[in-house]
Amino acid sequence: MLAPFPSDRVSSDSMSIPPLSVRDLSVQYGGRTALSGFSWDAPERGLVAIVGPNGAGKSTLLKAVLGLVPKARGTAEIFGRSVSDQRDLLAYVPQRASVDWDFPATAADVVAMGLYRRIGWLKPVRSADRVSAHNYLDMVRLSEFADRQIGALSGGQQQRVFLARALAQQAKLFLLDEPFAGVDAVTEGVMTEVFRSLRDAGALVVCVHHDLSSVKEIFDHVVLLNRELIASGPVATTFTPDNIARTYGVPLSLNPGQ
Amino acid sequence: MKDVYPLAAVLLLQAGYNTIVVMLGAAALGAATGIVGVFAMLRRRALIADAVAHATLPGVALGFITAVALGFSGRSLPFLLTGAAITAILAALSIQWVANRTRLTEDTAIASVLATFFALGIVLLTVIQTLKTGGQAGLDIYLLGATAGMLREEAITLAVFSLIVAAIVAALFKELTLISFDADYARAHGFPVRLLDFAILALVLAVVVIGLRVVGLILIVALLITPPAAARFWTDHTGRMTMISAAIGAFSAYFGAAISAISPDTPTGAVIVLVAFSILLLSVFFGAARGIVVRGIGARRVRATP
Amino acid sequence: MISFLQIDLPALLVGTLAALVCTLIGNFLVLTRQSMLGDAMGHVVLPGIVIAFVLAGTTATWVMLAGAFAAALFSAMLVEFLRRVARVEPSAALGSVFTVMFALGVLLLEQSGVARTSFDVHHILFGNIETAIWPAATSLASLFDLNALASLPPQLGRLAFGLAVVALFVVVLFKELRVVSFDPDFARTVGIPPQLIGGIVVSLAALAAVVSLSAVGVILLVAMMVCPPATARMLTDDLKTQVWLSLLFALASGIFGYAIAVLLPLAFGYEISFGAAGTIAVVAGLLQLGAMLFGAKRGQPRTA
Numbered sequence: 001m002l003a004p005f006p007s008d009r010v011s012s013d014s015m016s017i018p019p020l021s022v023r024d025l026s027v028q029y030g031g032r033t034a035l036s037g038f039s040w041d042a043p044e045r046g047l048v049a050i051v052g053p054n055g056a057g058k059s060t061l062l063k064a065v066l067g068l069v070p071k072a073r074g075t076a077e078i079f080g081r082s083v084s085d086q087r088d089l090l091a092y093v094p095q096r097a098s099v100d101w102d103f104p105a106t107a108a109d110v111v112a113m114g115l116y117r118r119i120g121w122l123k124p125v126r127s128a129d130r131v132s133a134h135n136y137l138d139m140v141r142l143s144e145f146a147d148r149q150i151g152a153l154s155g156g157q158q159q160r161v162f163l164a165r166a167l168a169q170q171a172k173l174f175l176l177d178e179p180f181a182g183v184d185a186v187t188e189g190v191m192t193e194v195f196r197s198l199r200d201a202g203a204l205v206v207c208v209h210h211d212l213s214s215v216k217e218i219f220d221h222v223v224l225l226n227r228e229l230i231a232s233g234p235v236a237t238t239f240t241p242d243n244i245a246r247t248y249g250v251p252l253s254l255n256p257g258q
Numbered sequence: 001m002k003d004v005y006p007l008a009a010v011l012l013l014q015a016g017y018n019t020i021v022v023m024l025g026a027a028a029l030g031a032a033t034g035i036v037g038v039f040a041m042l043r044r045r046a047l048i049a050d051a052v053a054h055a056t057l058p059g060v061a062l063g064f065i066t067a068v069a070l071g072f073s074g075r076s077l078p079f080l081l082t083g084a085a086i087t088a089i090l091a092a093l094s095i096q097w098v099a100n101r102t103r104l105t106e107d108t109a110i111a112s113v114l115a116t117f118f119a120l121g122i123v124l125l126t127v128i129q130t131l132k133t134g135g136q137a138g139l140d141i142y143l144l145g146a147t148a149g150m151l152r153e154e155a156i157t158l159a160v161f162s163l164i165v166a167a168i169v170a171a172l173f174k175e176l177t178l179i180s181f182d183a184d185y186a187r188a189h190g191f192p193v194r195l196l197d198f199a200i201l202a203l204v205l206a207v208v209v210i211g212l213r214v215v216g217l218i219l220i221v222a223l224l225i226t227p228p229a230a231a232r233f234w235t236d237h238t239g240r241m242t243m244i245s246a247a248i249g250a251f252s253a254y255f256g257a258a259i260s261a262i263s264p265d266t267p268t269g270a271v272i273v274l275v276a277f278s279i280l281l282l283s284v285f286f287g288a289a290r291g292i293v294v295r296g297i298g299a300r301r302v303r304a305t306p
Numbered sequence: 001m002i003s004f005l006q007i008d009l010p011a012l013l014v015g016t017l018a019a020l021v022c023t024l025i026g027n028f029l030v031l032t033r034q035s036m037l038g039d040a041m042g043h044v045v046l047p048g049i050v051i052a053f054v055l056a057g058t059t060a061t062w063v064m065l066a067g068a069f070a071a072a073l074f075s076a077m078l079v080e081f082l083r084r085v086a087r088v089e090p091s092a093a094l095g096s097v098f099t100v101m102f103a104l105g106v107l108l109l110e111q112s113g114v115a116r117t118s119f120d121v122h123h124i125l126f127g128n129i130e131t132a133i134w135p136a137a138t139s140l141a142s143l144f145d146l147n148a149l150a151s152l153p154p155q156l157g158r159l160a161f162g163l164a165v166v167a168l169f170v171v172v173l174f175k176e177l178r179v180v181s182f183d184p185d186f187a188r189t190v191g192i193p194p195q196l197i198g199g200i201v202v203s204l205a206a207l208a209a210v211v212s213l214s215a216v217g218v219i220l221l222v223a224m225m226v227c228p229p230a231t232a233r234m235l236t237d238d239l240k241t242q243v244w245l246s247l248l249f250a251l252a253s254g255i256f257g258y259a260i261a262v263l264l265p266l267a268f269g270y271e272i273s274f275g276a277a278g279t280i281a282v283v284a285g286l287l288q289l290g291a292m293l294f295g296a297k298r299g300q301p302r303t304a
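Residue numbers (the numbering used here), protein chains in the order written: chain A, 1 to 258; chain B, 1 to 306; chain C, 1 to 304.
These aren't lab readings, by the way, just hints derived from the structure by calculation. All clues stand as given, with none of them false.
Listed below are several chain A residues computed to face chain B (Cβ distance under 7 Å; list not exhaustive):
#1 Leu66
#2 Pro94
#3 Gln149
Distance ranges between label pairs, derived from CB positions:
#4 C/Pro184 to A/Ala128: 48 to 56 Å
#5 A/Gly55 to B/Arg194: 22 to 30 Å
#6 C/Pro265 to B/Arg194: 38 to 46 Å
#7 A/Asp85 to B/Leu282: 46 to 54 Å
#8 A/Pro70 to B/Leu93: 16 to 24 Å
Yeah, the Cβ is synthetic: ideal placement off N, Cα and C, and Gly gets one too.
Next comes chain A alone, as it looks inside the complex (with noise of 0.2 Å):
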């Protein structure tokens, strides 16, 4: 006998496949739990800010959910199939300090890594792959930085830089790690306005964030977390005292209505 749609295939083809499914995930660190029992639909489209305190397990979330740390338990899939499927729609912006800076490479060189994927194994970089990193460092207003060395960039151009990296894999799902961590005001614009027009064209993009009293602003969606899920959602609704509260642990003196 066969059954071609088991019931709950059925459901979830009735909706859209989210970008980001999380079920269950847990992760160990040197025997202490960094993240348990997280699990996670994210919007089909829109810009969500990852929030928690310190040592809540927001970059954890993002690195399990890339393989890049052993998951304890559970699952992650992108657009309802596993990760190492679906590398060609995923961006990945790792926090910047994981870089070495000194490193032989210009912003364009860094720009184009975004590309090796499409170039494929045993190809070199032709010149209208240099063509088309220079027009990602426009979209990030760098093209006068093109040919300067990675480590002579302000932190916020060097942000912007990796976030053209991420524009050249032509991504649907973009994962930041802190992208607005000391960065300065004009990254910051370009950056709001580089994810709007990113979630204009369909896409999703989530990054860890640091700062609450930005998350309005640049936001729609959010998720709360500390070690677990504590709330996620729309700004309007979750992002409230009560929940704030219930995921730092403390009352904040932060009013959210203002």
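Chain A is fixed; fit chains B and C onto it per the hints.
Chains B and C alone, transformed into the frame defined by chain A:
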């Protein structure tokens, strides 16, 4: 420098045919180590390379003993190099095991593996020195290198292997650059970082074993470290840096082989290393991208035009 | 008995004293993630010794020490220059300097004709513990005979002096060494300058390298700076216990290594001989392997 004229003659390829082939073979080796060294340095594997190089000694000694026991000449290159490769691989695995499975940090893992393997090699060498067989003196060249007495076939083999190494790096160039710059990003996007790391280590092993004959196992690591360090001062592009590093490595090895050719008592490895380091010092000051002089001028210009 | 006094006792003393002095300071190199510094020291002092010998024409202790110290100091400055001023990647800076210094030493050794006269590359690399002899020993009574004792090999005096100096500093500065090794930032806040303590550690490592190099060769000093401390590290979390244990392992390596080097060839039949320095180093490495496999504290409490 009493032999300036002969040196000039040798450098300009006016020596005998055999000498020329040996010098070109050495230059090919220098280019290969310069190329591989770029990624060994960028991926922070330089000191592992040092340990792996020292760890070839017990392999060379065991290769000698095996060859003699089987009735071959103790200097038979295939035995010596196979032995060298085996113990070098064992050392690389040991370092990984110590660093991952114990609380010891990587530097301690590297230093202790280096010391233990090298000590074992030295014990075996002292044993060999008392064996009643010929050819022991031939093993000395693997410590500090020598081009004197090198055969044309050996030099050609050297060049061929060096070309293969260069071709592999060229084929994997993008990916090696990517994992060296940002391993987390590469992993997240499905690049096989462990495999590529393994490729770097395998290439390091290959050039170390190939280079034993010319540079010697104590100083071969300098050909992996010094040319890339010098090349970094001339450019901010990984591709150009790799080519410059290859050129510096080739020049140093060529020069060292030439000097060694006119004064046979000179350990080739030592001369090569001194030439390479002189180029590093020149680059530190006059390098076009990061040299101290250029940086000084650049800083002044920036201040002048705010 | 007499041959033991004349040949084995001095060699054994030289081997174990060198093992002890290198291990004692090696503990702090291992703790501060500078294990490769021992290796570097072994390489860089060579040209200093050769130049000192060529200039002074003697292997007198103080000449050797001065030359080696000058070379170590010069190398340290060169590494710092490459790292801080020229911004060369730290391990590349270290690697390029210690190889070029060694290359310089080798070249000077060959070119100056020193080789094959007083000491040569083989002795520097392989160690020549076996050349430490005490021909003045005629019976056990020689151990109490000042005239005979005065003709003990000069390496012994150098090593004893080195051990005394290193031990003095370690005892006096133990508290500071502990704090700086554990948490340099905290050390600064309580008024202990980490740079000064770090400089003292490096200087003591240079001293240990200098007194050991011509006596036992580069390999024994490199092995002893890292293996016994690493072995002890697998067995305890207490710094004081670690230092004592490491010295015990150094002593054991020295005695057993030398015994193996002398006795094993006898067991095999007289045709082969083992270099004592290499054998001692191998024993130290094997002890470390044992501790890594079975030590109580071998695992990694380090968190990600």
